[in-house]
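Build out the structure end to end from the sequences listed, making use of the hints.
In case you want the letters, here they are:
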Amino acid sequence: MKQHDLKQENKSLLTVPMGLWALLFVGVALLYILALSFLNRGEGFSAQGPATLDNFAKLASPLYFKALLISLRLAFTTALLCLLIGYPFAYHMARAKPRTRTWLMLLVIIPFWTNALIRIYGWKILFSAGGPINQTLLSMGWIARPLKLLYTDFAVQVGMVYAMIPFMVLPVYSSIERMDWSMVEASRDLGASPFKAFLTVTVPMTLPGIMAGLVLTFIPSIGLFFLSDILGGSNTMLWGNLVNNELLKSRDLPFAASLSVVLLLLTGLVILLYRRVGGKTEEMVF
Amino acid sequence: MAQDNTLMALRGLRKSYDTQDALNGLDLDVYKGEFLTLLGPSGCGKTTTLRIIAGLESPSAGEVYLEGQNITQLPPEKRAVNTVFQNYALFPHMTVEKNIAYGLQMRKVPKAQIAVQVKAMLELVQLKDYGKRLPSQLSGGQRQRVAIARAAILEPKLLLLDEPLGALDLKLRRQMQVELKKMQKQLGITFIYITHDQEEAMNMSDRIALMRDGRFIQLDTPQGLYEHPKSTFAATFIGETNLLSGKASAVKDDEVLLDIGGLSIPCMSSDWIAPGEKLCLCIRSERLHYGPSAPGGKSMLRATLTDSRYAGGERRTTFLLPTGQSMVARHTTEGEELYAPGTELCLWWNQDTAVLVPDEGGQFA
Chain A
-4 MKQHDLKQEN
6 KSLLTVPMGL
16 WALLFVGVAL
26 LYILALSFLN
36 RGEGFSAQGP
46 ATLDNFAKLA
56 SPLYFKALLI
66 SLRLAFTTAL
76 LCLLIGYPFA
86 YHMARAKPRT
96 RTWLMLLVII
106 PFWTNALIRI
116 YGWKILFSAG
126 GPINQTLLSM
136 GWIARPLKLL
146 YTDFAVQVGM
156 VYAMIPFMVL
166 PVYSSIERMD
176 WSMVEASRDL
186 GASPFKAFLT
196 VTVPMTLPGI
206 MAGLVLTFIP
216 SIGLFFLSDI
226 LGGSNTMLWG
236 NLVNNELLKS
246 RDLPFAASLS
256 VVLLLLTGLV
266 ILLYRRVGGK
276 TEEMVF
Chain B
78 MAQDNTLMAL
88 RGLRKSYDTQ
98 DALNGLDLDV
108 YKGEFLTLLG
118 PSGCGKTTTL
128 RIIAGLESPS
138 AGEVYLEGQN
148 ITQLPPEKRA
158 VNTVFQNYAL
168 FPHMTVEKNI
178 AYGLQMRKVP
188 KAQIAVQVKA
198 MLELVQLKDY
208 GKRLPSQLSG
218 GQRQRVAIAR
228 AAILEPKLLL
238 LDEPLGALDL
248 KLRRQMQVEL
258 KKMQKQLGIT
268 FIYITHDQEE
278 AMNMSDRIAL
288 MRDGRFIQLD
298 TPQGLYEHPK
308 STFAATFIGE
318 TNLLSGKASA
328 VKDDEVLLDI
338 GGLSIPCMSS
348 DWIAPGEKLC
358 LCIRSERLHY
368 GPSAPGGKSM
378 LRATLTDSRY
388 AGGERRTTFL
398 LPTGQSMVAR
408 HTTEGEELYA
418 PGTELCLWWN
428 QDTAVLVPDE
438 GGQFA
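From first to last, the protein sequence lines are chains A and B. Take -4 as the starting number for the first sequence in the working numbering and just add one per residue. Take 78 as the starting number for the second sequence in the working numbering and just add one per residue.
Don't read these hints as lab results, they were simulated from the structure. Among the hints, erroneous ones may be present.
Distance condition first, Cα-Cα at most 27 angstroms in a straight line; then the derived DSS-like pairs of lysine-lysine [stated by the list, open to error]:
#1 B:K307 x B:K355
#2 A:K191 x B:K185
#3 B:K188 x B:K155
#4 B:K262 x B:K109
#5 B:K175 x B:K262
#6 B:K248 x B:K205
#7 A:K191 x B:K209
#8 B:K175 x B:K209
#9 B:K375 x B:K355
#10 B:K324 x B:K375
#11 A:K53 x A:K244
#12 A:K191 x B:K155
#13 B:K205 x B:K259
#14 B:K185 x B:K196
#15 B:K307 x B:K324
#16 B:K196 x A:K191
#17 B:K188 x B:K205
#18 A:K191 x B:K188
#19 A:K191 x B:K234
#20 A:K191 x B:K175
#21 B:K307 x B:K329
Just so you have them, the derived chain B footprint on chain A, three or more residues with Cβ under 8 angstroms [as the list claims (entries may be wrong)]:
#22 172 to 185
#23 194 to 200
Quick caveat: nothing in here was measured; it's all calculated off a predicted structure. Virtual Cβ for every residue (Gly too), placed ideally from N, Cα, C.
Here is the structure:
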């Protein structure tokens, strides 16, 4: 008995490094950002007291409100497009033969092994005036002049969906894969057409995966600044870009911190909402 | 057979998966209002047969007819057939009421009428106060009743039940057997019922189709199957049977002398038997009697008692024949006479209770 207890204790000791890591690089770092957001800009790249709410007062301007709305809208359409494209893909992956399934899974995972920045530069080449897309369209005679694809909202949206889609496919796949198909058969047996069965049984039963996918694609989409930098030029100002600009261009540390705090609060709100709506299941991701 | 009384018919039904044959040409007529059971060991093809009737799988060859209409190509939602699934397949995200109402909703029945019908159905399956619960909040027996209610509310011409009592404990199973049978009479729906439990098949069925390796071995009433098995498989799958294999040595009208390794046993058979044919004599263990001597006019063998066990109200006694074969007799312990192991006794039986079947090489004995 005593020995067993000791073993348990030893096991929990193993979590100490992880705990320390999280405390230092997540907990302390976040507290640092929170503290910074209440300070004034100091000499050079620093911050100084006394504590103030000036930064947050500055945020109340319509300019920032607009940037926030644009960011949220883009994140929302990204999550929605990921669902519309990712769900059918995940569905077929879950229903495919094991061999095909492995290949499809690789298609989703391989991009993970390549640097995200490099992949986005790939899109930049694809979208450019002399890039493959325009070249093809020109040679087919479908367009007279190259289309402006790069540095548009469209390019940013495509890049976002591309970057985020694995985070939709994987949770949705796992909930479709573990679904009991006799439920769908039962619904067909009781008179439902294939589409009706999908709407009334498959979708509700895979809702935990859908919710998880929406949250996992929505949250990072608010802050993905480098994507709109590369594909949107300076045309698209997202919340993530604001943080980036204040930090690296204006070098206003406290104000950048207050922008980050807003982002953090937003993220917390979305997770709270998710727990309310998609809660009560063991498939929760948070 | 009465053509007008046939509800559902299978003709030459085959199903192969890759190179494996699951069904090897099934022909079956199911009559209106009957309780037909597909009985067989697991893997015999009974679930595949049911799924083809439901439309959840399509056959490799053959047809399914419902009231004379070929429905082989119809999708499941277009068939007047409903299924009670083995694991019940209740929708976990819907309450009991909504589960039961589902089929009517798909038929676009007016809401008010659905409510009335669901209420009546909940009463029929004795779950009046459980309508608002989720399936996960019910016991196994209750879930089972919801599954039946959900399928029966559509008043199908044919209700398919895939081992619906398989997950329940013995006591509840026996109780549900009675309830199911009662419900079937009340609803007047034809049942095709799957089980691997011979006792369940015996208790509930009007007819039993005994299956093995994707074929019907015998289609008969429970009594017919028990009293007149036509193969060693049928004789041994249902009940406890002593098999004595031998050769027909002398045949005269319906009397046959069976030679089992030097011993000659007089038997009766209405089938035509050729001398020298390899046969098995099946004697049910409860129809095998023993004592110091046999009453006149009975078939008898001399054998040595090797073991005698009390088994809850009955006694199982094992004997060794001079040929080296053993036989088991099973009797109520009421007023029994006890014999010590090693005693030589007479085994006897009534000739008309012993059945001769072709010897299939003893592979199922």
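Under the criterion that the straight-line Cα-Cα distance not exceed 27 angstroms, is the pair K191 of chain A, K188 of chain B satisfied? 18 angstroms, holds
Pair hint outcome, K191 of chain A versus K234 of chain B [Cα-Cα no greater than 27 angstroms]: 23 angstroms, holds
Do the alpha carbons of K175 of chain B and K262 of chain B lie within 27 angstroms of each other, as the hint requires? 26 angstroms, holds
The stretch 194 to 200 of chain A covered by chain B? Criterion: 3 or more residues, Cβ-Cβ distance below 8 angstroms. Check passed, 4 qualifying residues.
Is the straight-line distance between the alpha-carbon of K188 of chain B and that of K205 of chain B 27 angstroms or less? With a Cα-Cα distance of about 19 angstroms, the restraint between K188 of chain B and K205 of chain B holds, given a limit of 27 angstroms.
Keeping to a limit of 27 angstroms between CA atoms, is the pair of K248 of chain B and K205 of chain B held or broken? Cα-Cα ~23 angstroms, so holds.
If you draw a straight line from the CA of K53 of chain A to the CA of K244 of chain A, is it 27 angstroms or shorter? 18 angstroms, holds
What's the verdict on K188 of chain B and K155 of chain B, does the C-alpha distance respect the 27 angstroms limit or exceed it? Status holds; Cα separation ~22 angstroms.
Quickly compare the C-alpha distance for K191 of chain A and K185 of chain B to 27 angstroms and report which way the hint goes. 12 angstroms, holds
Is K307 of chain B close enough to K329 of chain B, meaning Cα to Cα at most 27 angstroms? The hint holds at about 21 angstroms.
CA of K191 of chain A to CA of K175 of chain B, is that 27 angstroms or under? 15 angstroms, holds
Count the residues of the stretch 172 to 185 of chain A with a beta-carbon closer than 8 angstroms to any beta-carbon of chain B: does the count reach three? n = 9 at 8 angstroms, threshold three: holds.
The earlier numbered hints are all upheld by this structure, with none contradicted.
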